[in-house]
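**Q** Modelling step: build the complete structure from the supplied sequences, incorporating the hints.
Protein chains in written order, with our numbering: chain A, 1 to 113; chain B, 114 to 226.
Think of the hints as simulated: they come from the structure by calculation, not from any bench.
Careful: at least some of the hints might be erroneous.
Said to hold, decoys possible - Straight-line distance between alpha carbons at most 35 Å, and here's what the computed DSBU-like set of lysine-lysine pairs gives: (1) B/Lys221 / A/Lys26; (2) B/Lys171 / A/Lys26; (3) B/Lys155 / B/Lys221; (4) B/Lys155 / A/Lys13; (5) B/Lys128 / B/Lys181; (6) B/Lys181 / B/Lys221; (7) A/Lys13 / B/Lys181; (8) A/Lys13 / B/Lys171; (9) B/Lys170 / A/Lys13; (10) A/Lys26 / B/Lys213; (11) B/Lys128 / B/Lys155; (12) B/Lys171 / B/Lys118; (13) B/Lys155 / A/Lys26; (14) A/Lys13 / B/Lys221; (15) B/Lys213 / B/Lys181; (16) B/Lys213 / A/Lys13; (17) B/Lys155 / B/Lys171; (18) A/Lys26 / B/Lys170; (19) B/Lys155 / B/Lys170; (20) A/Lys26 / B/Lys184; (21) B/Lys128 / B/Lys170.
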Amino acid sequence: DAGVTQSPTHLIKTRGQQVTLRCSPKSGHDTVSWYQQALGQGPQFIFQYYEEEERQRGNFPDRFSGHQFPNYSSELNVNALLLGDSALYLCASSLTGTSYEQYFGPGTRLTVT
Amino acid sequence: QQQVKQSPQSLIVQKGGISIINCAYENTAFDYFPWYQQFPGKGPALLIAIRPDVSEKKEGRFTISFNKSAKQFSLHIMDSQPGDSATYFCAASIGGGYQKVTFGTGTKLQVIP
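**A** Printed below as a string of structure tokens:
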């Protein structure tokens, strides 16, 4: 049973560029959440997708947007990249209504230069 | 606004000793308190979790103690092993299918032989 997968593993972008990160949830899961983890910090909630809709959002600007596809996979898009966007971006999947448990992927390390 | 405070920031324990990590929360609406373990280069992995209707939960060498009136909870790792060396995050979330997780700042544990 494949767990949560994310791509790419690492990414280097220049300030002002745009980036798209991808996530495939654990088999059977229908909810995807995205988190940003700065170096030495705990993950910070960005937003959550369920039934292809953004269900919750954390304190992140509109430069951060996302999408969920019918197969439950998800994308995180960040526009107008800032140096401060450099972080590990984590995707977590869960099954709404049956479990509180979230399973995290290995993350995408984004470096903005 | 940090809603989950975690201490200590780092911890060194002798092999076979007890590791103790403490957390405090502010939002009384939280109803699920997981602990995550994260190794370098990996995403957080769910270790153990507790609901506020119980005061203690034990799984193998890992025990959560929960004090609802004090709004505090802690993780005890008994018989700590070098393989337990990792960063540990306490977290809290509000259920009902909305599983946004608020993380603490993390504790870097080092178990020395």
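**Q** Decide, hint by hint, whether the structure agrees.
**A** Going through the hints against the structure:
1. Note on lysine 221 of chain B and lysine 26 of chain A: the hinted pairing holds, with a Cα-Cα distance of about 28 Å set against a maximum of 35 Å.
2. Proximity of lysine 171 of chain B to lysine 26 of chain A is assessed by CA-CA distance (about 26 Å); at most 35 Å being required, the pair is judged to hold.
3. Between lysine 155 of chain B and lysine 221 of chain B the alpha-carbon distance is near 14 Å, which keeps this suggested pair within the 35 Å criterion.
4. Only pairs whose Cα atoms come within 35 Å are accepted, and lysine 155 of chain B paired with lysine 13 of chain A is accepted, the gap being roughly 21 Å.
5. For the hint linking lysine 128 of chain B to lysine 181 of chain B, the alpha-carbon distance of about 31 Å falls within 35 Å, and the restraint holds.
6. For the given pair, lysine 181 of chain B sits about 25 Å from lysine 221 of chain B by alpha-carbon distance, which is consistent with the 35 Å threshold.
7. Under the criterion of a C-alpha separation no larger than 35 Å, the hint pairing lysine 13 of chain A with lysine 181 of chain B is inconsistent with the structure, at around 45 Å.
8. Using a Cα cut-off of 35 Å, the hinted pair lysine 13 of chain A and lysine 171 of chain B is violated, with the two alpha carbons roughly 44 Å apart.
9. For a cut-off of 35 Å, the pair hint linking lysine 170 of chain B to lysine 13 of chain A is broken: about 44 Å separates their Cα positions.
10. Proposed proximity of lysine 26 of chain A and lysine 213 of chain B is supported: the alpha carbons are some 17 Å apart, at most 35 Å.
11. Of the pairs offered as hints, the one joining lysine 128 of chain B and lysine 155 of chain B holds, with about 23 Å between alpha carbons and a cut-off of 35 Å not exceeded.
12. With a C-alpha separation of about 22 Å, the suggested pair lysine 171 of chain B and lysine 118 of chain B falls inside the 35 Å cut-off, and the hint holds.
13. Distance hint between lysine 155 of chain B and lysine 26 of chain A is fulfilled; the C-alpha atoms sit about 16 Å from each other, no more than 35 Å.
14. For the proposed pair lysine 13 of chain A and lysine 221 of chain B, the alpha carbon gap of about 29 Å is at most 35 Å, so the pair holds.
15. Using a Cα cut-off of 35 Å, the hinted pair lysine 213 of chain B and lysine 181 of chain B holds, with the two alpha carbons roughly 20 Å apart.
16. The straight-line distance between the Cα atoms of lysine 213 of chain B and lysine 13 of chain A is roughly 28 Å, inside the 35 Å bound, and the hint therefore holds.
17. Distance check on the hinted pair: lysine 155 of chain B and lysine 171 of chain B sit about 25 Å apart at the alpha-carbon level, within 35 Å; holds.
18. Taking the CA atoms of lysine 26 of chain A and lysine 170 of chain B, the gap is about 26 Å. The hint holds against a cut of 35 Å.
19. A distance of roughly 26 Å separates the Cα atoms of lysine 155 of chain B and lysine 170 of chain B; the hinted pair therefore holds under the 35 Å criterion.
20. Simply put, lysine 26 of chain A and lysine 184 of chain B have alpha-carbon atoms about 32 Å apart, close enough for the 35 Å limit, and the pair holds.
21. For the suggested pair lysine 128 of chain B and lysine 170 of chain B, the alpha carbons sit about 23 Å apart, so the restraint of at most 35 Å is met.
Going through the hint list in order, the structure does not satisfy hints 7, 8, 9.
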